[in-house]
Every structure is written in C-alpha cells, then in structure tokens.
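Asker: Residue-level listing of the chains:
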Amino acid sequence: MWHDIVLALAGGCLIGLAAGLFYLVNGRILGISGLAQSLLGRWPARASESVLFFAGLLVGALVLADPARSLALVPTPRLLFAGLLVGIGVRLANGCTSGHAVCGLARGARRSLAATAFFMASAALTVILVKVIGS
Amino acid sequence: MRSVVAVVAGLLFGAGLALSGMVDPAKVLGFLDITGAWDPSLGGVMAAAIPMTALFYYLGRRRGVSLSGSPLPEPPSKVIDARLIGGSIIFGIGWGLAGLCPGPAIADLALDGRVLPFVVAMAVGMILVKAIRRIPIIH
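Residue numbers (UniProt numbering), protein chains in the order written: chain B, 1 to 135; chain X, 1 to 139.
Simulated from the structure, these hints should not be mistaken for laboratory data.
Mixed in with the good hints, there may be bad ones.
[To be verified] Covered stretches of chain X, going by a simulated chain B footprint (3 or more residues, C-beta under 8 Å):
1. 19 to 33
2. 84 to 92
3. 98 to 110
4. 113 to 120
[To be verified] Once the Cα atoms are required to be at most 20 Å apart in a straight line, the calculated SDA-like pairs of lysine to any residue come out as:
5. Lys130/X <-> Gly41/B
6. Lys131/B <-> Pro77/B
7. Lys131/B <-> Pro44/B
8. Lys131/B <-> Lys130/X
9. Lys131/B <-> Pro75/B
10. Lys78/X <-> Gly108/B
11. Lys130/X <-> Ala121/B
12. Lys131/B <-> Ala121/B
13. Lys131/B <-> Thr35/X
14. Lys131/B <-> Gly36/X
15. Lys78/X <-> Arg107/B
16. Lys130/X <-> Pro75/B
17. Lys131/B <-> Leu113/B
18. Lys131/B <-> Lys78/X
19. Lys78/X <-> Pro75/B
20. Lys78/X <-> Leu105/B
[To be verified] From the derived model, a few chain B residues whose C-beta atoms are all more than 10 Å from chain X:
21. Gly12
22. Pro44
23. Gly60
24. Cys96
Beta carbons are placed, not taken as given, at the ideal position from N, Cα and C, and that holds for glycine.
The following block holds chain B by itself, in its conformation from the complex (with noise of 0.2 Å):
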C-alpha cells in the first residue's frame, strides 16, 4: 500500500510537471481531451505540438510500464460503450480527468471543482451498481 502511494506521489509528480512546462513555456492548458479533439477534423495552428505531445505520451508510458503487469481490460462491447460515453462526455463538459481534476483545481477553476466532483461521483456510482447487478 505504500509503495503503491509513493509510485502514485511520484507519478503526480511527473504529471504536474508535464502541464507546467506546458503551461509556463507554451502557454497552453494541457487537457488530453481537449488536445485529442484538436486532432479530429480540421487541424487547428499548433497541432503539431498536439502531436508530438502524444507521441512523447506513448514512449513515456511504454519506458516506464511494468513489462511483468498485463492489462486487465473489461470485455470488448463494454469497452466500447465505455469509450463513447467517455468521448461523448468529455466533449460535453469539455474536459477530463487532466484538464479539469488537474489543471483546473491548480488554476482554482469552479467550473473544474464542479466537474470533478460530478465525474468522480458517478464514476463511483456505476462500480457499484455494476457490481450490484453483477456486470
């Protein structure tokens, strides 16, 4: 349980960097949903650091994954459900997890404190009640 919380303060660590610099140097909020829905349809001025953000993004997950840990992901027609909801969602409220849990409490947003708090809500929500109606 603590090696579990260091690696977490750790990874939050590196996380808040990342949307620092990008913040101080660049000037931009780094929201993941906000930078991916720039990519779909018309490329907007600065896309390419959209881009290369990503493609940083998968070289620093696959340096630093657990080689030995598989992923356990749920049943395929969930995943897509999930993943639409998902898409869907972020849209709506524009901002995810990063943008409004990360970047939007740190620059003291209501707007953000709302969404989390929603997000985090029914999120914790729906595992219960798929646990309730047994998946």
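Starting from the known structure of chain B, arrange chain X on it as the hints suggest.
Answerer: Using the frame of chain B, we list chain X on its own:
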C-alpha cells in the same frame, strides 16, 4: 523550444501515468470502488500533480506571459451549466464502466493494442457531439 517542451511534456505525462498505475484499468476501478476493497493510493496522483501544476501557474501568472512569448490562457469561465454537469456525469459513467479516462486510454495504446476499440469509440463520441451541436439544448 515549444516543440521540445511538447515532446518532453508528453514523455513526463506518459511516464507519470505508467509509474503511478493510472494506466492499469483494474487499479483505477479499485480506486473508484469506495464501498468495496477500496485502494485509495491513486489519490496520491492528484495530491501531487495539483500543487506541482499550481506552482507553475503561479510563476506564469507572475510573469504575465509564457516563456515562448505566447499569451497565457484566459482565466477560466465561472459558468456552471447543464452541459458541464451532464457531460461530467456521462464521462464518469464511461470511466466507471471501463476504468479508463482519455489520457491512460491513449497511453495504453503503447502497452496493449486491445484498448484500441475504446479509443476509437471515444473519438466517435467526440465527433458525434460536434456533429449534433446544432441542437440548442446541447450547445
């Protein structure tokens, strides 16, 4: 400089997701499962990331302009509307069903190709909202 920072931010972000365990949907579901065998460790990610980010935001605001010379983002809007809340609830349901939010889902493409259906469906969801945004209640 901007391009280098974009790559470095990606590397740091991906490394942070992998190191913390955010890339593992089972661990995320354990964090969300507050009535079961709750695993609160992932709370450490926000506990560290928010103050770290806030430090840079403070430095940026004091400077007034980004280091590359481009303007800093406008202060956030204060409007809390049905679109924000409804969207957050829908996002939370998807997050709770699969244990994946956008960042880890994309990072997982590098670790396990089986996550691809989620990422494709997520892109479809985003495009779908854009396509029907003419409906007044959603826009």
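Asker: Flag every earlier hint the structure violates by its number, smallest first.
Answerer: Violated hints: 7, 8, 11, 16, 17, 18, 19, 21, 23 and 24; rest satisfied.
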